[in-house]
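Novice: Make a model of the complete structure from these sequences and hints.
Chains A and B, in that order, give the protein sequences.
Sequence positions in the first sequence follow numbering that gives the first Met the number 0 and run 0 to 133.
Sequence positions in the second sequence follow numbering that gives the first Met the number 0 and run 0 to 111.
It cannot be assumed that every hint is accurate.
Stated by the list, open to error - Facing chain A, from chain B, some residues (calculated, C-beta under 8 Å):
1. S33
2. A34
3. R39
4. Q46
5. G49
6. M83
7. A87
8. S88
9. G91
10. W93
11. D94
12. L97
13. L100
14. A105
15. P107
Just so you know, these hints were derived from the structure itself, not from any lab.
In this text, a Cβ means the ideal position worked out from N, Cα and C, and glycines have one as well.
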Amino acid sequence: MPETESSDAHVPASPERTWEALTDGEALGEWLADGPGELDPTPGGELRLTVDERERTGFVEEADPARRLVFWWSETEQESSRVELELEPDGDGTRVRVTETRPLERLTVEGIELATPRGRGDGGGAAPRMLALA
Amino acid sequence: MPEPGAAADAVFAALADPTRRDVVELIGAAGEASASALARELPVSRQAIGKHLGALAAAGLVADRREGREVLYRLTPAPMHEAMGWMASVGGPWDRRLGALQRHLARPHTAV
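Specialist: So, in structure tokens, the structure goes:
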């Protein structure tokens, strides 16, 4: 049974500047990772971060600039979890909502075919079409 | 930090009382129960049960329907989900990370 953790917060920055903090390797070290890391904000892009002194690797599922970032990550040999971050203009800043879902199985990605995010109105966004359970 | 909201306030207040928690459990197990049936199961008076059911109904946790001369109560647990969501998240790693994100974005910066 998947477990979910959610949180949300108002940040004093525009969605664009917030997106920068979510996707820039150096900035990630200021709030999510122990130090500068790597995140390629395109579908299928890799991420590599050290979090709580443990290395995590993963991939980006969806990247809709200044709106939505979804990625999978796991510690070596551990189960993967899926992180969904949503940004919404909120007064003079941005509301950031996050949901992390932890499946029981460890997932690896083989031969992902991903669509790039399309314009609003079609529910746009990418999803990995092929996942193998390890 | 996610705000629990007014609905969750009422849920926490309603469930703070141990007798009301017993009432919730009994109705949950039975599916539906009358105030009289609940009073038979618990060491409190029928009037006290009535007051407890009122508090639970005010918090949106029970609903009732009339069958003949009886009023039957059932659980409507949706308001508990907001409260549970808050309990599941508070103090978790993402609360801490979003706090750090807030502080990072609050620092002076060059305009993007």
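Novice: So, for every hint listed, does it hold in this structure?
Specialist: Verification of the hints:
no. : hint : verdict
1   : S33  : 35 Å, violated
2   : A34  : 36 Å, violated
3   : R39  : 36 Å, violated
4   : Q46  : 41 Å, violated
5   : G49  : 37 Å, violated
6   : M83  : 11 Å, violated
7   : A87  : 7 Å, holds
8   : S88  : 5 Å, holds
9   : G91  : 5 Å, holds
10  : W93  : 4 Å, holds
11  : D94  : 5 Å, holds
12  : L97  : 4 Å, holds
13  : L100 : 4 Å, holds
14  : A105 : 5 Å, holds
15  : P107 : 11 Å, violated
Figure legend: structure checked against the earlier numbered hints; hints not met, in rising order: 1, 2, 3, 4, 5, 6, 15.
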